[in-house]
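Protein chains in written order, with this note's numbering: chain A, 1 to 467; chain B, 468 to 585.
Check the hints yourself; a few may be wrong.
[Said to hold, decoys possible] Pairs of lysine-lysine residues, derived as DSS-like cross-links and limited to a Cα-Cα distance of at most 30 Å, are as follows:
hint : chain 1 : residue 1 : chain 2 : residue 2
1    : A       : K254      : A       : K130
2    : A       : K445      : B       : K579
3    : A       : K130      : B       : K579
4    : A       : K126      : B       : K505
[What the hints assert, rightly or not] If you anchor each label on the Cβ, the simulated ranges turn out as follows:
hint : chain 1 : residue 1 : chain 2 : residue 2 : range
5    : B       : I556      : A       : F253      : 44 to 50 Å
6    : A       : K126      : B       : F565      : 20 to 26 Å
7    : A       : Q32       : B       : A524      : 48 to 54 Å
8    : A       : F125      : B       : R503      : 27 to 33 Å
9    : B       : F527      : A       : G166      : 31 to 37 Å
10   : B       : A536      : A       : P60       : 53 to 59 Å
11   : A       : I140      : B       : W577      : 52 to 58 Å
12   : A       : K126      : B       : A524      : 20 to 26 Å
13   : A       : V365      : B       : G506      : 57 to 63 Å
14   : B       : W472      : A       : T354      : 47 to 53 Å
15   : A       : I140      : B       : A536      : 33 to 39 Å
16   : B       : K579      : A       : G166      : 50 to 56 Å
17   : A       : I140      : B       : V550      : 45 to 51 Å
18   : A       : I402      : B       : L546      : 38 to 44 Å
None of these hints come from the bench; they were simulated from the model.
Glycine included, C-beta positions come from ideal geometry on N, C-alpha and C.
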Amino acid sequence: MSAATPAGGRIRSAMGLMRSFPAQFWSRLSLQERLALIFVPAAIVAGVVTVLAVVLLGPPFLDFLGANLPLVRFAVAATAILLLTVPTAFVLIYLELKVIARMNLRIGPNRVGPWGIAMSVIHGFKVLSKEDFAPTGADITVFTLAPVVTYMASVMTLLVIPFAPGLIGQDLNIGLLYFFSMGGLTVVGLLMAGWSSFNKYSLLGGLRSAAQIISYEIPLTLSVVGVIILAGTMSMNRIVLAQSGSLLDWFVFKQPLAALIFFIAATAEANRTPFDMTEADSEIVAGFATEYSGMRFGFFFFAEYVNVFIVSALVATVFFGGWTAPFQWPWAYNLNWFNPWSFGFFGWLAIVLTVGYFGTIFFAVFARLFGGREWGLWASMGLGFLFLLVVVAGLVVLAGFIAFDWVAGLVWFMAKTYAFVITFVWMRATLPRVRVDQLMGFAWKWLLPASLLNLFVTATAVVLLNR
Amino acid sequence: MTGIWYVVGLAFAGVSFVFLVIGLAWLISHRNRGDRHKGLPYESGIDTFGDTWGRSAISFYVYALLFVAFDVEVVFLYLWAIVFRDLLIGGLVSMGTFVLVLMLGLAYAWRKGVLTWR
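One chain only, chain B, in its complex shape (with noise of 0.2 Å):
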């Protein structure tokens, strides 16, 4: 378990190395207060207008959906995948029906027209 330590240890320093060279970008960079119209957003140059944080396309949250399923479908594969041979056959019929279950999901996703982008 002495991994764990490794991992959170160079979050850790990474986060800090991080925060250090912007904090020395911050010491060595040029700033003026500027304007009123240095804050704007940049939208090509017009003026923003409407709301910037509104509704955006569902498609995005179908991709979300289908994600999580098959994304979790992939963290039993690999645990599978390292056991494989010792399963040998039983473990290919019972992988098959899962990711057949799965693969239907897919095929409605598919038939709906899902993944066609809009």
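In isolation and in its complexed conformation, chain A is listed as follows (with noise of 0.2 Å):
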């Protein structure tokens, strides 16, 4: 219809765009424009914030800050635990599209970045920036705080896993009671959820999960009180340390049936796929996340990732010794005469350029070699770059491996853990969902009956034989 070049058309959406100033402004932005609005001025303040607090209470601001050592301890954690969450939930995410596609004889991702392993990435994107939509009879205030109470009950109990030595948020010394206890909030949110939806199929999966979760919280938290007879304490870095030795003092070999039934169990209260009678998509939608878009589902889904990787931890940490490692280092290293402090900036300088030109051009080689034709100069290039840091990121947590006991204990908590996140991505590629009122029977006529002889034959034997 009009004649308008694509340079006029631009001028004259942008006298638009001005023209509508405070109403239309920022309705009219691109994502990317949008983003950008946004972090450029959060950047500049933030920066301008942290250089002024330094220069100019520099010594008092550090005065402060070494008087108030806990709180600065708390802050760190704090803020390690919640960002941990996010790249958690990528990681899981992208690990579940590409197993389960292995699984079933498909690619899985092969789009975004190398392996398509940036596809999660994208997919936190495409959440953040749908719209946050809210049906008309919905309860909007308990509608917006019930992804808010499934995120944190999740969150929460990160305080208490433990990673690595030193390395856990706050070793409560009702540990376990505290991760169960918060673990059970789970419920509050889904209801929350399921009830404020003002849709017949959330408010049914609200119930079905609350009564699913309820009933497997019972096996579940039973299933631990063997361990905590054996352990002698709820504190979750001494349930670690008891199992510290061999392979053999792991309490999964004490407690079988028990590792078992916490297993099962934990299955269900993460809402996973034997177990997924929350969102059984082919019987009600969603279940109580149906009605829900945007960031507020995007809460939902991080929540049910974190929660996985939360149960997993678990797992690993109560009956699969946790940060011990499963046999002792038999070589002894001194790596004493290292000392990163002797090259001094320049030399470090040098030692980065060197072996960054050097080794990116090594390994592009490598790309180009395997890679084919359909590498250009720059893509091998950046990908040779990719393999460096890998290399490099590889070297340095093998030294810290070998350097320091925390750097060893999270390397083996991580290993133990992904291995059982690895289990239920391959439980969900594996195992049919089960009928609702089996999975009820399940729970109160096996699970339970079950977790008390577990708990009952342990307290027996401990008479018998200790004493």
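If you follow the hints, you should be able to join the two separate chains into one complex; please do so.
Given below as structure tokens:
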């Protein structure tokens, strides 16, 4: 219709943008422009504030931090815990897409980044930029608070999980009880979501999830009582220490039945596939999450995947020795000859530049050789640099593994945890969903008596054998 | 008692984080008012009918009752388990009696058919 050139059209739309400045300015911006207008000023403000804080009140500020070390420790722990949830969820989502795809003889995500590794980041941005919508009849307050409660219920439990020696949010002496009480709050969030959505599927999904989670809560909590008897404590750190030593000190060998019950009940608690009645998409659309969209749905999603991580971490901590190594490191290394401060700034600069330059070329040659013609020169250089970073990171972790206790602990903890994460994904790819009556009957008629049996057999054994 | 402040502080930080991200999403997300049909609940394409917040099955309520009974038992069991090495045979007998009474309740519920989902 109009014969305007693209440039003319752009000018006219810019004029229109200015004319309607306060009212429609923001809504006409594209996603990239909005992100830039949010993040660039925020980064400038944060940078200026930081520089001002360091320059103007440098020494008094540092003195204040030194005098309030618990406060600093809390700030670091809370930030780390909250920021940990995002990459954990991303890694788990990618892992699930890729592993299930390979198990189904599909390829899985392979478009965004090499091997599709940026897929879940794109998912995150998509969820962030989608419309956050509430249906007409919904109870808006409860509707907004429900994902908050669900997400908090899973994040709060991360406080007591021991990642490595000394690397724990807070070693509460009621750690395990705190874990279950916080994890149990998930039910409240799901019920809130189901009730406030003004949708029959949501309400049914919420009620079902409440019934399922509270039913499996009982065997879940009962199965670890045997471990508490053996360890004599509820502190997570001391439960791990009680299993230190060799492989045979792990509680899974003293409490095999409890470990099995715990794993099954934890699957149900995390709403994972043989027990994902709450979101049974073939029966009740998406259960409690039917009416959710945008970031409020995103937080349910986050909570679900963080829950998988947490449940795996708990299985690893309570039954598989947490951060303790399954065997003692057979060779002793002494890295004292290596003093990173002795090189000085320019020495490090030279090392980084040399290694970066030649390492990139070295790996780029490999990328060129094995990647074939589809990798251009700059693409293979970029891939070579990526490989170099991976190799250097691996070497640094290896050095830390040998030199530092906490790095070794973290590596073992993550290895065990992700072994269980993979098991959960495997189960999702393999097992069909159970029927709702079988689900409830299994919890009350099999798991509950079995966990009580385990408890009293353990108690009797302690009475007979120990004293 | 410093632990409780960690819990409270983390709760505060977490809620702030969630609302910050939701606020950010509200700023950058696409919005339009739509029409009357946009706000309808999604019930597989059929217009909603009847009372959404109506009555639901009694079995949910019965499971909640059972849950309360056994969850309170679990709290007692945790404390008992910590000091069990000091109690030994006496603790075993008394807790066995307590759990036996609760299991009688479960057996009654089982017999009455409460545990069978209908």
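Hints versus structure:
1. A:K254 - A:K130: This hinted pair is violated, its Cα atoms lying about 50 Å apart.
2. A:K445 - B:K579: The given pair, whose Cα atoms are some 13 Å apart, holds under the 30 Å limit.
3. A:K130 - B:K579: Violated: K130 (chain A) and K579 (chain B) sit about 50 Å apart, past 30 Å.
4. A:K126 - B:K505: Given pair K126 (chain A), K505 (chain B) holds - Cα atoms ~21 Å apart, limit 30 Å.
5. B:I556 - A:F253: 44 to 50 Å: Check failed, 26 Å falls outside 44 to 50 Å.
6. A:K126 - B:F565: 20 to 26 Å: For F565 (chain B) against K126 (chain A), whose Cβ atoms are near 53 Å apart, the range 20 to 26 Å is violated.
7. A:Q32 - B:A524: 48 to 54 Å: 50 Å Cβ-Cβ, so the 48 to 54 Å window holds.
8. A:F125 - B:R503: 27 to 33 Å: Because 31 Å falls inside the window, the suggested range holds.
9. B:F527 - A:G166: 31 to 37 Å: Once the Cβ atoms are compared, 45 Å apart, the range 31 to 37 Å for G166 (chain A) and F527 (chain B) is violated.
10. B:A536 - A:P60: 53 to 59 Å: Hint holds: Cβ distance 57 Å, inside 53 to 59 Å.
11. A:I140 - B:W577: 52 to 58 Å: Because 42 Å falls outside the window, the suggested range is violated.
12. A:K126 - B:A524: 20 to 26 Å: Violated: the Cβ-Cβ distance is about 37 Å, outside 20 to 26 Å.
13. A:V365 - B:G506: 57 to 63 Å: Given a distance of about 60 Å, which is inside 57 to 63 Å, the answer is holds.
14. B:W472 - A:T354: 47 to 53 Å: holds (49 Å)
15. A:I140 - B:A536: 33 to 39 Å: holds (36 Å)
16. B:K579 - A:G166: 50 to 56 Å: holds (52 Å)
17. A:I140 - B:V550: 45 to 51 Å: holds (48 Å)
18. A:I402 - B:L546: 38 to 44 Å: Since the Cβ atoms of I402 (chain A) and L546 (chain B) sit about 42 Å apart, the hinted range of 38 to 44 Å holds.
Violated hints for the displayed structure, listed by number in ascending order: 1, 3, 5, 6, 9, 11 and 12.
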